[in-house]
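Enquirer: The residues making up each chain are set out below.
2 protein chains.
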Amino acid sequence: MSKMSENGMVSRAKVLTIDTMNPTVKKVEYAVRGPIVQRAVELERELSEGMKKPFAEVIKANIGDAHAMGQQPITFFRQVLALCSYPELLNDSTFPEDAKSRAHRILQSCGGNSMGSYSASQGIDSVRQDVARYIERRDGGVPCDPDDIYLTTGASDGIVTMLKLLVCGEGAARTGVMISIPQYPLYSAALAELGAVQINYYLNEETCWSLDIGELQRALDEARQYCNPRALCIINPGNPTGQVQSRECIEDVIRFAAKERLFLMADEVYQDNVYAEGCQFHSFKKVLFEMGPEYSNTVELASFHSTSKCYMGECGFRGGYMEIINMDDEVKAQLTKLVSVRLCPPVPGQALMDLVVNPPQPGEPSYDNFIKERTATLSALAQKAKLTEQVLNTVQGISCNPVQGAMYSFPRITIPEKAIKEATDKGQQPDMFYCMKMLEETGICLVPGSGFGQKDGTYHFRMTILPPNDKLQILLNKVKEFHQRFTQQYS
Amino acid sequence: MSKMSENGMVSRAKVLTIDTMNPTVKKVEYAVRGPIVQRAVELERELSEGMKKPFAEVIKANIGDAHAMGQQPITFFRQVLALCSYPELLNDSTFPEDAKSRAHRILQSCGGNSMGSYSASQGIDSVRQDVARYIERRDGGVPCDPDDIYLTTGASDGIVTMLKLLVCGEGAARTGVMISIPQYPLYSAALAELGAVQINYYLNEETCWSLDIGELQRALDEARQYCNPRALCIINPGNPTGQVQSRECIEDVIRFAAKERLFLMADEVYQDNVYAEGCQFHSFKKVLFEMGPEYSNTVELASFHSTSKCYMGECGFRGGYMEIINMDDEVKAQLTKLVSVRLCPPVPGQALMDLVVNPPQPGEPSYDNFIKERTATLSALAQKAKLTEQVLNTVQGISCNPVQGAMYSFPRITIPEKAIKEATDKGQQPDMFYCMKMLEETGICLVPGSGFGQKDGTYHFRMTILPPNDKLQILLNKVKEFHQRFTQQYS
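Those sequence lines, one after another, are chains A and B. Going by the UniProt record's numbering, the final residue of the first sequence carries number 491, and the count climbs one at a time with no gaps. Going by the UniProt record's numbering, the final residue of the second sequence carries number 491, and the count climbs one at a time with no gaps.
Hint data in this document are derived by calculation from the structure and do not stem from the laboratory. Using N, Cα and C, we set each Cβ at its ideal position, and we do this for glycine too. Just so you know, not all the hints are guaranteed correct.
To be verified - If you only want the chain B side, here are some residues facing chain A, beta carbon under 10 Å, derived: (1) THR17; (2) MET69; (3) GLN79; (4) PRO87; (5) LEU186; (6) TYR202; (7) ALA333; (8) ASN358; (9) GLU389; (10) VAL391.
Stated by the list, open to error - Taking CB as the label site, the calculated pair distances span: (11) B:LYS52 - A:PRO23: 35 to 45 Å; (12) B:LYS332 - A:LEU47: 45 to 55 Å; (13) A:GLY140 - B:ASP368: 52 to 62 Å; (14) B:GLU248 - A:LEU47: 45 to 55 Å.
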């Protein structure tokens, strides 16, 4: 157990080593913050220390982090948060009355009128009521019960919690969960950690990353031979693929879930991020209820939202909610118990979620400015979605579907055989090799498609559309030049 | 799978039922927010609806939630948070300069100068540097590397993450984790969820809840017959038991961990909450390093701190950090990867943690007021600790150890045989029966000792010392009267 080393010191083998740690944790991968991003951080440090590089700055287009890319917060939201943080400001005449009344209402719902108190584990009552009213407005009057709302620490927390409830069984009875490929790697990471079986269904790149029921059926039938498929996850608008699902497709998915007895998980954090003409966001909840009681009384659904995306982009506050439909009462009690162990989601994030679902109304002093700010952000995103698609599609060897929604493009790239061989010799995925080389040569940080999953033999990268217009233009040109150089080099 | 019900509607069996959900989640228990608290919330609602009760208000002494009990936030902390939330206020001349410079520094460390950006998953660099300097000051110059600091979503998040890394093996090779009894139920809940083996070591109530190495050895030796003990958790100052460990005891624990190859987890969230004369907080880190390289180079230690307790009591912000000593480099890389999946801890909580470790300094404009507020809170807590012990010890059938630190008393109560029988007939723990009855009759919400663990045949409750002085006095008198009435009724 312990031995004297040469210098006379006692050395003990560590208790916790790579061989004796939790094996499921080792299987977790999360490309959005993987080796490329670690290298980008190193490069930033090297630049700041005066080291010479072929670029002046690192541009991070790896993660949907709007404020980091210069997007400004919504003034009203931040005014209310300041008032809630330091209620002395309620006496300050420079703050608008609607911000004050909103802050007052939030503080009244906090123990001791302080955001420093724990809230109920499910979230502050009045916030859950506001979320329910928001959902009812959004879904054209479909009723929503505040008891079905759980506030969360970002959407990720809600998704992991729901998956945790669903996992059971061993061997061929082990829970399987269907996820789209390409996927947002939170799903694969959570499933690996929970030891659940990941069932891949492929989105159809040729038809703008659409979801095909035949492909769902294929994936399910194959999976039934080695696990117990119990849940189906959908991301709409799509991450990393940017598609927006049609109402018809959502109906098909719901029918499929009902027929095959699958718990539906709808990741709808990009619900305001719809840019393409003719596209519209339809919530799973709304479609489910409009399909009539045969579905609305039976299909189990959890849907997720967050403060991190849309027009607000407030990732750092870790706010979010989930709505749970048709969940068994005993399971719901277990869910409530489970979330109580973590005490409560961060209260500033809950306050922010409240503002998102209950923004300034017509006639209130902050309304005009709120609408102006929101519209400006969403229009800019729509323009950048278009620009990204257009520029990338001018490059031979890159083909990019329209960015209908969300915040990403996921173009397909042609990688020459010689480059594939060099990558393989190095033990790297070819698109990781490509992105790493781009980072070293241009300072642009993208995520390789292999981090999200893709059809064998195809290669992609994910790029956010968030940099400000001028920077995005530079970025796209650099990508273009890099791709041409890379293709030439390995031809 | 589906059938027509009498009204002609299709009814499907649910996908997710109590029988098909994750069995480890079902095993989770968390008494601090358990049935007593749920009933307390119901009673509050009933009171607000005008229902007649034998009391005018519910007093919640079940949870260490200082602001909910009327404790005021530290002005400086909230000023900085308001400035960070709404940086326009940096132009407001009513804010002190030190608050502004602190806010400026925090914002400069945020992407796009906004708390709405994701931070690094390990936490904001400058905050981790401030934490490291705080630890060095606290520990009399023992060095601290910011790379060993991970910011967390409250201490709970850090503790669960560390336990997650440690769990592996099956059957008799399954990881066992030693926890004190009584314990804070986060530990048992996390171990149940992870499917790890809980190894109980008993604190000695007769000697003020002291920790005895002989008892550690007994617990360990027994556990080795059925599991693989790998970690030892200590809470100092103690929750729920309020003891403060002597330096000697900490040395013994470290020697024991070294000898038996156990990973040490030190929960030190109450490090500023020490009241009893002659008691002093000693961090495990400091003691470890002062024991010399034989220990400081080998013993693996994770220690946890939080913004939720001490003099600040900012629970709602979910801020915290952990320091990791002597962790294997490969495991550390896995830890960094694991925390990246959840993106980052809430940034307002990180900002608050920064203020806690870097408060106003002598000569700065906010210094005097900060010291005044901090001292007032800690003195009041010390007085209430004393008052609680004194009043409870006047009651025949209640005996209470001194509350040396933390925020709780954990008195032992005598429950008459007749009451034990009535509880057992109802399938309730006798102290749950006692606390539920107290709640119904007096409106006082305590947590039964069985929620924390206790020696067989002994009964306790946990009561926070947080209510304001006048309310605490009323509460203690009501407890006294209730206990006397209860004892008489069942004698």
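Enquirer: It remains to establish, for every hint, whether it holds in the given structure.
Expert: Verification of the supplied hints:
1. A distance limit of 10 Å between C-beta atoms decides the matter here; for THR17 (chain B) the minimum to chain A is near 5 Å, and the interface restraint holds.
2. A least Cβ separation of about 7 Å between MET69 (chain B) and chain A falls short of the 10 Å threshold, and the interface hint therefore holds.
3. With a cut of 10 Å, the hint placing GLN79 (chain B) at the interface with chain A holds, because the nearest CB-to-CB distance is about 6 Å.
4. The interface hint given for PRO87 (chain B) holds, since its Cβ lies 8 Å from the closest Cβ of chain A, which is under the 10 Å cut-off.
5. For LEU186 (chain B), the interface hint holds, since its Cβ comes within 10 Å of a Cβ in chain A; the closest pair sits about 6 Å apart.
6. Nearest Cβ of chain A to the Cβ of TYR202 (chain B): about 23 Å, over the 10 Å cut. The hint is violated.
7. Contact between ALA333 (chain B) and chain A, as hinted, is supported at the beta carbon level, the nearest pair being about 9 Å apart and thus within 10 Å.
8. A cut of 10 Å between beta carbons decides the hint on ASN358 (chain B): the least distance to chain A is about 18 Å, and the hint is violated.
9. Interface restraint check: GLU389 (chain B) against chain A, minimum CB-CB distance 25 Å, threshold 10 Å, status violated.
10. Contact between VAL391 (chain B) and chain A, as hinted, is not supported at the beta carbon level, the nearest pair being about 24 Å apart and thus beyond 10 Å.
11. Between LYS52 (chain B) and PRO23 (chain A) the CB atoms are about 58 Å apart, so this pair departs from the stated range of 35 to 45 Å.
12. Our hint of 45 to 55 Å for LYS332 (chain B) and LEU47 (chain A) is violated, since their Cβ atoms are close to 26 Å apart.
13. Take GLY140 (chain A) and ASP368 (chain B): their Cβ atoms lie about 58 Å apart, and the range 52 to 62 Å holds.
14. In this structure, GLU248 (chain B) and LEU47 (chain A) meet the distance hint of 45 to 55 Å, their C-beta atoms being roughly 51 Å apart.
Violation of the numbered hints given earlier is confined to hints 6, 8, 9, 10, 11, 12; the remaining hints are satisfied by the structure.
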